[in-house]
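Visitor: What follows is each chain in one-letter form.
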Amino acid sequence: MNDQGKTKEELIKELQELQQENNTLKALYDKDITGRKQAKQELIIADKELVFQKEEKKKRAAELIIADKELTFQSKEKEKRAAELIIANKELAFQNREKEKRSDELIIADKELAFQNEEKGKRAAELIIADKELVFQKEEKKKRAAELIIADKELTFQSKEKENRAAELIIANKELAFQNEEKEKRVEELGIANKELAFQNKEKEKRAAELIIANKELAFQNEEKEKRAAELVIANKELTFQNREKEKRADELILANKELAFQNEEKEKRAAELETANKDLEQFAYVATHDLQEPLRMISSYTQLLERKYKDKLDQDANDYIHFAVDGAIRMQKLLNDLLEFSRISSRGKGFEQVDTSNILAQVISNIQLLIAENSCLITNDDLPTLIADESQIIRVFQNLIGNAIKFKKKSEFPKIHISCKKQNNMYQFSVADNGIGMEMQYHDRIFIIFQRLHSVKDYPGTGIGLSICKRIVERHGGKIWFESIVNEGTTFYFTIPV
Amino acid sequence: MENLKLVEILLIEDNPGDARLTQEALKGGKVKNNLHIVYDGKEATDFLFKRNQYQNAPRPDLIILDLNLPKKNGQEVLAEIKVDDNLKSIPVIILTTSKAEEDIIRSYNLHANCFLSKPIDLNKFFEVVKSIEDFWLTLVKLPGL
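Same order as they appear, the protein sequences are chains A and B. Taking our numbering as reference, the numbering of the first sequence is continuous, increasing by one, and the terminal residue is 834. Taking our numbering as reference, the numbering of the second sequence is continuous, increasing by one, and the terminal residue is 311.
Only chain A is shown next, with the shape it has when bound in the complex (with noise of 0.2 Å):
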């Protein structure tokens, strides 16, 4: 539950920081609206004065059309003046040369009348009269031709300022012209402002497409994760359910467990009566041996006693049953002692420890060493490994084993025993092998099985409890114990010790 609190708690502040940011990126794009807006405005209000300006260029233009009408109209008007002046210098030439011819005739008349003055005397102060009449007209003539310069200069004034108006007036276009370029100028720079607003206005649409994306995306999120938190919320359901059911099966659990605890006492007090029953069997197998070896040591001691103090008294039948009778007792002796031991492999075994099969081998060998050297047993083994077993019972196993191969030897050769170890599926497979007489696989069942013999007490003496024993001690050490034989030339005992 503690976790789940965590988890919700860390996802609401997930939540709340998205938000944040979220708010953040809506102000930023209210921001970045506002700004374009502006900038369209700015663009509208440029558009308005480019507009304004081009109609004061056209109206100006307009203008300087009617100034130049005008300039020609009054070139062409001086041009006319100037062209009746010049018929007027044109007549006055040609009245001056008129007046010259005249003054000439004059000159040729003053002379014929000087000739006739002599003459005509009367005459001559009429001719005075008419001769100042005459300086008075060329006065009046110099006046006129004076008149005429200060017009001509007038004129020339005149046309200068023209000249100077039109200079102006050149001035004045280029003036028109220049603002006229810098107006294109300013039209093209306001076409490229145009243009990079209209990149800036594509940018900032193509960022907001981005923040729309990033908005859906934001949106995704959000939405992603309210699906996520109400998945969590269901998980809690879900978890609190199953906590629930973990309680339910808890409880039961308990339930199960006094149960069991129930079932354990019983089956304590099971094990306990079971112990008591094994105890109280072991009791019987020890009190029958110990009280059934009794009588029979009171039978075999008293048939020999007998048979030491009357030997010669009596005759050989005597001597052959008293044989029998001892005999007999001292088999039953043997029986009742493995019968006894067998019963006592579980009950009677020992902790289990480490033991070094080598050195089992090696106390084996030890212990039978005398059989070994009578029989010139030749006995080899592997590498051995260490185990955790009852050391006396595996030692009691090797024993049995190699005692039987020994036993159940060739006549026509010494025996050869060879001991060996591998590992397999966790447990360590042994294996005596002999060279001896064989037996018949037919028999694998028997021969485990307590007191079951396959050959004679006369030809291999025993009690026929060997291999059960061994196959006690085997299982109880979790293993199992099995053999291969073929019939002359040889036995292999496997057996298993888990790892």
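Honestly, I wouldn't trust all of these hints.
Unchecked claim - With a straight-line cut-off of 25 Å between C-alpha atoms, the simulated DSS-like cross-links for lysine-lysine are:
#, chain 1, residue 1, chain 2, residue 2
1, A, K614, B, K237
2, B, K290, A, K648
3, A, K646, B, K290
4, B, K296, A, K644
5, B, K193, A, K644
6, B, K238, A, K614
7, A, K646, B, K193
8, A, K685, B, K265
9, B, K237, B, K198
10, A, K644, B, K248
11, A, K644, B, K198
12, B, K265, A, K614
13, B, K296, A, K646
14, A, K669, B, K265
15, B, K193, A, K648
16, A, K434, A, K478
17, B, K290, A, K669
Hints are computed from structural coordinates only; laboratory data are not their basis. Model, not experiment: these values are computed from the prediction.
Following the hints, position chain B against chain A.
Guide: Leaving out everything else, chain B in the frame of chain A:
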């Protein structure tokens, strides 16, 4: 090595057959002995602590003790002997049918001087009794002998 003094042996054995066999085995021995036989644990302690009919019983030089006894078993008798200052120096030989490991261990823990199993074969039984005689009554130096 000559022992003129009579050696007192206490045999604690409930089986008259075995008692008789032991008696037979000791008969032919070199050491002159006086064999006392008691047939249960209580009688044994009466003898050792000179109680009841055993007021005049001698202090034995050697005790041969069977473990399975009526009334008071061999180990109880052994324990009483070995905690008694007067008796604890007497060698106690356990001679029993049992070969059980726990009997052997418990006997030695109670300070038995040696533990012997009764052989089934008569000749071997005689040998064992003879070896007791040879070792404990001839070879070993005991206090007071």
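Visitor: If a hint holds in the structure, say so; if it does not, say that too.
Guide: How the hints compare with the structure:
| no. | hint | in the structure |
| --- | --- | --- |
| 1 | A/K614 x B/K237 | 22 Å, holds |
| 2 | B/K290 x A/K648 | 24 Å, holds |
| 3 | A/K646 x B/K290 | 18 Å, holds |
| 4 | B/K296 x A/K644 | 18 Å, holds |
| 5 | B/K193 x A/K644 | 14 Å, holds |
| 6 | B/K238 x A/K614 | 22 Å, holds |
| 7 | A/K646 x B/K193 | 20 Å, holds |
| 8 | A/K685 x B/K265 | 17 Å, holds |
| 9 | B/K237 x B/K198 | 31 Å, violated |
| 10 | A/K644 x B/K248 | 40 Å, violated |
| 11 | A/K644 x B/K198 | 23 Å, holds |
| 12 | B/K265 x A/K614 | 18 Å, holds |
| 13 | B/K296 x A/K646 | 22 Å, holds |
| 14 | A/K669 x B/K265 | 13 Å, holds |
| 15 | B/K193 x A/K648 | 22 Å, holds |
| 16 | A/K434 x A/K478 | 16 Å, holds |
| 17 | B/K290 x A/K669 | 15 Å, holds |
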